[in-house]
Amino acid sequence: MFWGDAIVDKIEKNLKDRIESGKPLIIRDEKTASGRIHIGSMRGVAVHGTISEILTQRGIKNKFLYEINDFDPMDGLPVYLDEKEYGKYMGQPLYTIPSPDGKAKNFAEYFAAEFMEVIEKSGFTPEYYRASELYKSGKMNDAIATTLSHAQEIREIYKKISGSVKPDDWLPLSVVCENCGKIGTTKTISFDGKEVEYVCDPEYVKWAKGCGHKGRVSPFDGNAKLPWKVEWPAKFKVLEVDIEGSGKDHSTKGGSRDIANHISKEILGYKPPFDIPYEFFLIGGKKMSSSKGEGSSAKEISDLLPPELFRLALIGKNYKQAINFEPDGDTIPILYDTYDRIADMYFDKTNDDNARLFSLIHLPNEREGIKKRYFSRFSLMSFLVQMPHMDIENEVENMKGESLTDDDKKEISSRAKYSKNWLEIYAPEKYKYELQKDNVPEQALGFSDKQKKGLREIFEYVKTQKKLDGLELHTKIHEIRKESFEDPKELFSAIYISFLGKDSGPKIGWFLSVLDKDFIEKRLEEVAK
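Each residue of the sequence shown is one higher than the last, beginning at 133 in my numbering.
Hints were generated in silico from the structure; no laboratory data involved.
Hints are not guaranteed to be accurate.
[Unchecked claim] Beta-carbon label-pair distances, calculated as ranges:
{"id": "1", "residue 1": "295", "residue 2": "145", "range": "30 to 36 Å"}
{"id": "2", "residue 1": "148", "residue 2": "449", "range": "26 to 32 Å"}
{"id": "3", "residue 1": "220", "residue 2": "476", "range": "53 to 59 Å"}
{"id": "4", "residue 1": "621", "residue 2": "501", "range": "42 to 48 Å"}
{"id": "5", "residue 1": "295", "residue 2": "148", "range": "46 to 52 Å"}
{"id": "6", "residue 1": "539", "residue 2": "477", "range": "17 to 23 Å"}
{"id": "7", "residue 1": "484", "residue 2": "292", "range": "54 to 60 Å"}
{"id": "8", "residue 1": "213", "residue 2": "324", "range": "26 to 32 Å"}
{"id": "9", "residue 1": "359", "residue 2": "220", "range": "21 to 27 Å"}
Idealized CB from N, CA, C, for every residue including glycine.
Using the sequences plus the hints, can you model the full thing?
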């Protein structure tokens, strides 16, 4: 069973009363827009978005809310921003900081816009809201008053659940300083039920300097915000959230979700949402940070793939498995091969689970009309686009063995476009080829007598053929290899070096069959001397 269906089965059981009430289930996720949002944040979007889509398919009302958190302080400066220009804003709420391009409403909106564009391309359709709006609207006021009034109990929860000891005077609130506008540097001293006393402490944090101002102010209507581990359960209640997962780091025993659940139940009187603790989306085995500018951005990765392949990368693995995406490795060719494999199962109706996945990786409005088409391997396409003398459609038609349909041609065009993009930006050297047409590569001068004999046999075979067939040539080369070579690489590397100047390349028979026959004969004769 596809993992999303299994989760929804559990949701239907756990939230039966809520579903039967007729009220839409509220699904929620969020991201702090502290810089270019990395691809890792799309895992949460995809998990929650997929659950929303499946619920809708089952006729269960739901609403997927996505928060752009623009009220957190700037606590890290992305490497691509000028420290002289932006260092002075450290500690301020993100929505109060100017946009890097001078056009967007503010810093957070500038980076959120790019991420929202990626979400739209991926086909997920959340309803967006901003954290600053949530606070300014007064919706968080009751939660602020409640948590301030129960600060002692919250301190006890921190200690009991995570072992974190808060000072006896600690209050769960950060005030926006009336003097300097910073929120990350303020310490709340007291609360009398209407106003809080605070100080903007110059030494409160290492990454920003407070102005030293002391004052009293109402903590409501956007004048202050709750700390993350208290704010999270407050949002559960304020937004009446039914379903909200998070990265597995939050869901460990004693972690932020554990604390949030206890605060939600014991302080706010709200049943915590159905949890989906999911694994990370890694780039080259590493987790990323938006505020530090680490890792590939969501847009960079989404630009490498058409929507259905991007969705396959996001939801193809079980949510409990980490996704390790290596754009400069084999990830993208393998992803295309996976797509082609499950497409065959979908059209041949040979595997229900993969057919289900194949349907879900396509955009919702395209699922009813998915057309069967010919898929040329991405690795082969990445070779073809590097051979300017070749007619790509003609070569693919030869591989297919029959005329191309309009859908075949669209697929060819798409794969050619994305393979060129990948080759230009990320592809490793082993996928980059340049046909050595003018001169015999220098490495060929070092071929052994055995290698020359094998190349001569291929030459003699090619001469006897009016037209080269990739499969037949591939079979013949393997026969020659089996007769004289224990190590296949000994012969294959000699062929690749002869034509490409490197010891590896595309599938051998097909590779040679798409080259000009006269050129093949001339080169084989030269290197076999």
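Of all the hints numbered above, which does this structure not satisfy? Sort the numbers upward. Hint check: 5, 7, 8 fail, others pass.
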